[in-house]
Structures are given as C-alpha cells and as structure tokens.
Amino acid sequence: MASNLTVKDIMQKDVKTAENNTVVKDVIALMNKYDKDAILVIQSGKPTGIITVKDILIRAVEAEVPLKTVIARMVYTNPLVVIDQNATLKEAAELMQHWNIKHLPAVDKAGALVGLIDHIQIVHADPKLIPIFEYTRRK
Numbered sequence: 054m055a056s057n058l059t060v061k062d063i064m065q066k067d068v069k070t071a072e073n074n075t076v077v078k079d080v081i082a083l084m085n086k087y088d089k090d091a092i093l094v095i096q097s098g099k100p101t102g103i104i105t106v107k108d109i110l111i112r113a114v115e116a117e118v119p120l121k122t123v124i125a126r127m128v129y130t131n132p133l134v135v136i137d138q139n140a141t142l143k144e145a146a147e148l149m150q151h152w153n154i155k156h157l158p159a160v161d162k163a164g165a166l167v168g169l170i171d172h173i174q175i176v177h178a179d180p181k182l183i184p185i186f187e188y189t190r191r192k
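The working numbering applies: residue 54 is where the sequence shown begins, and numbers increase by one.
Read the hints as simulated data drawn from the structure, not as lab findings. Built from N, CA and C at the ideal position, the CB exists for glycine as well. Be careful, since some hints might not be right.
[Stated by the list, open to error] Once the Cα atoms are required to be at most 20 Å apart in a straight line, the calculated DMTMM-like pairs of lysine to aspartate or glutamate come out as:
| id | residue 1 | residue 2 |
| --- | --- | --- |
| 1 | K86 | D67 |
| 2 | K66 | D90 |
| 3 | K143 | E187 |
[Stated by the list, open to error] Distance windows between CB atoms, simulated:
| id | residue 1 | residue 2 | range |
| --- | --- | --- | --- |
| 4 | G98 | H151 | 38 to 48 Å |
| 5 | T122 | P180 | 40 to 50 Å |
| 6 | K162 | A116 | 35 to 45 Å |
| 7 | L120 | P184 | 37 to 47 Å |
| 8 | N153 | K69 | 16 to 26 Å |
| 9 | P184 | N85 | 12 to 22 Å |
Sequences and hints are given; from them, build the entire structure.
As structure tokens, this is what we get:
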C-alpha cells in the first residue's frame with residue numbers, strides 16, 4: 054500500500070516561508086519559532102530557494118557576516134529542486150538522492166508552492182525506501 058502514496062498524501066502543507074528580501078535574522082527567528090530546519094523562500098507565491106540551518110551556518114555564520122545585514126536570497130540554495138505534488142514517494146526519494154538533498158518543495162501544475170516533504174517523512178511512510186537515503190548518513 055505504501056508504494057501507492059504520493060507526495061500530496063504525506064507532505065507538510067503548512068510550509069513556513071520568507072520572501073527573497075527577508076533579513077536572515079528574521080528567517081532564523083521563523084525557524085526557532087516553528088522549530089523548523091528549513092524555510093522556503095518565495096517570490097510571487099512561487100518557491101525560488103530554500104534556506105536550511107546548514108545554509109545559515111556555512112554562508113553567513115562561518116563567513117562572519119552580520120545576520121541583520123544579509124537577506125534570504127544571498128544565502129539560499131538555488132536552483133531549487135521541486136516536485137509535482139502528484140509524484141510518488143519513490144520518485145521523490147530518487148530525486149532527493151540524485152540532488153543530495155533532504156527537503157523537497159511540492160508544487161502544483163502552475164508551479165505554486167503547495168507543500169514540503171523531507172526524507173524522514175518519506176521513510177516513515179514507506180520504510181522500503183530507506184536504502185535510497187543512505188546518502189544522508191554522516192561519515
């Protein structure tokens with residue numbers, strides 16, 4: 054049964070977002086307030102990038118850039134890999150493996166953001182896909 058699940062079936066629909074010009078300090082506040090490790094960056098309702106905790110650590114903190122002077126589009130991961138909300142979980146897992154990512158925004162036919170899925174949600178929904186996510190293990 055799990056193999057019939059689609060991204061839409063298990064995706065997080067209440068995705069926390071920030072605009073391209075949001076100050077990174079405010080993005081961190083969003084992450085903290087909602088206990089998220091990734092925030093989608095949008096422009097005109099469409100996802101343009103994603104900011105993860107790792108992005109902030111590598112592109113802002115390590116570079117010793119004051120967080121109140123950096124905006125989202127300066128540190129987000131781009132180009133953004135997205136998936137259609139009707140794709141299967143296996144398709145999502147394989148796409149994440151190919152791009153070596155852990156978060157995958159889901160979009161509708163018009164390209165508008167409708168959800169977010171991560172590797173943990175996928176393996177909880179379909180444990181047979183665990184081998185695909187071997188790349189996420191730290192070495």
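Here is how each hint holds up against the structure:
As the CA atoms of K86 and D67 are separated by approximately 14 Å, the hinted pair is consistent with the 20 Å bound. For the given pair, K66 sits about 16 Å from D90 by alpha-carbon distance, which is consistent with the 20 Å threshold. Among the hinted pairs, K143 with E187 is consistent with the structure: their alpha-carbon atoms are about 14 Å apart, no more than 20 Å. About 26 Å separates the C-beta atoms of G98 and H151, a value inconsistent with the hinted range of 38 to 48 Å.
Separated by about 44 Å at the C-beta atoms, T122 and P180 satisfy the suggested range of 40 to 50 Å. At about 38 Å, the beta-carbon gap between K162 and A116 stays in the expected band of 35 to 45 Å. Judged by the Cβ atoms, the range 37 to 47 Å given for L120 and P184 holds: they are separated by roughly 38 Å. Here the CB-CB span from N153 to K69 is close to 23 Å, well matched to the stated 16 to 26 Å.
Between P184 and N85 the beta carbon distance is about 34 Å. The supplied range of 12 to 22 Å is therefore violated.
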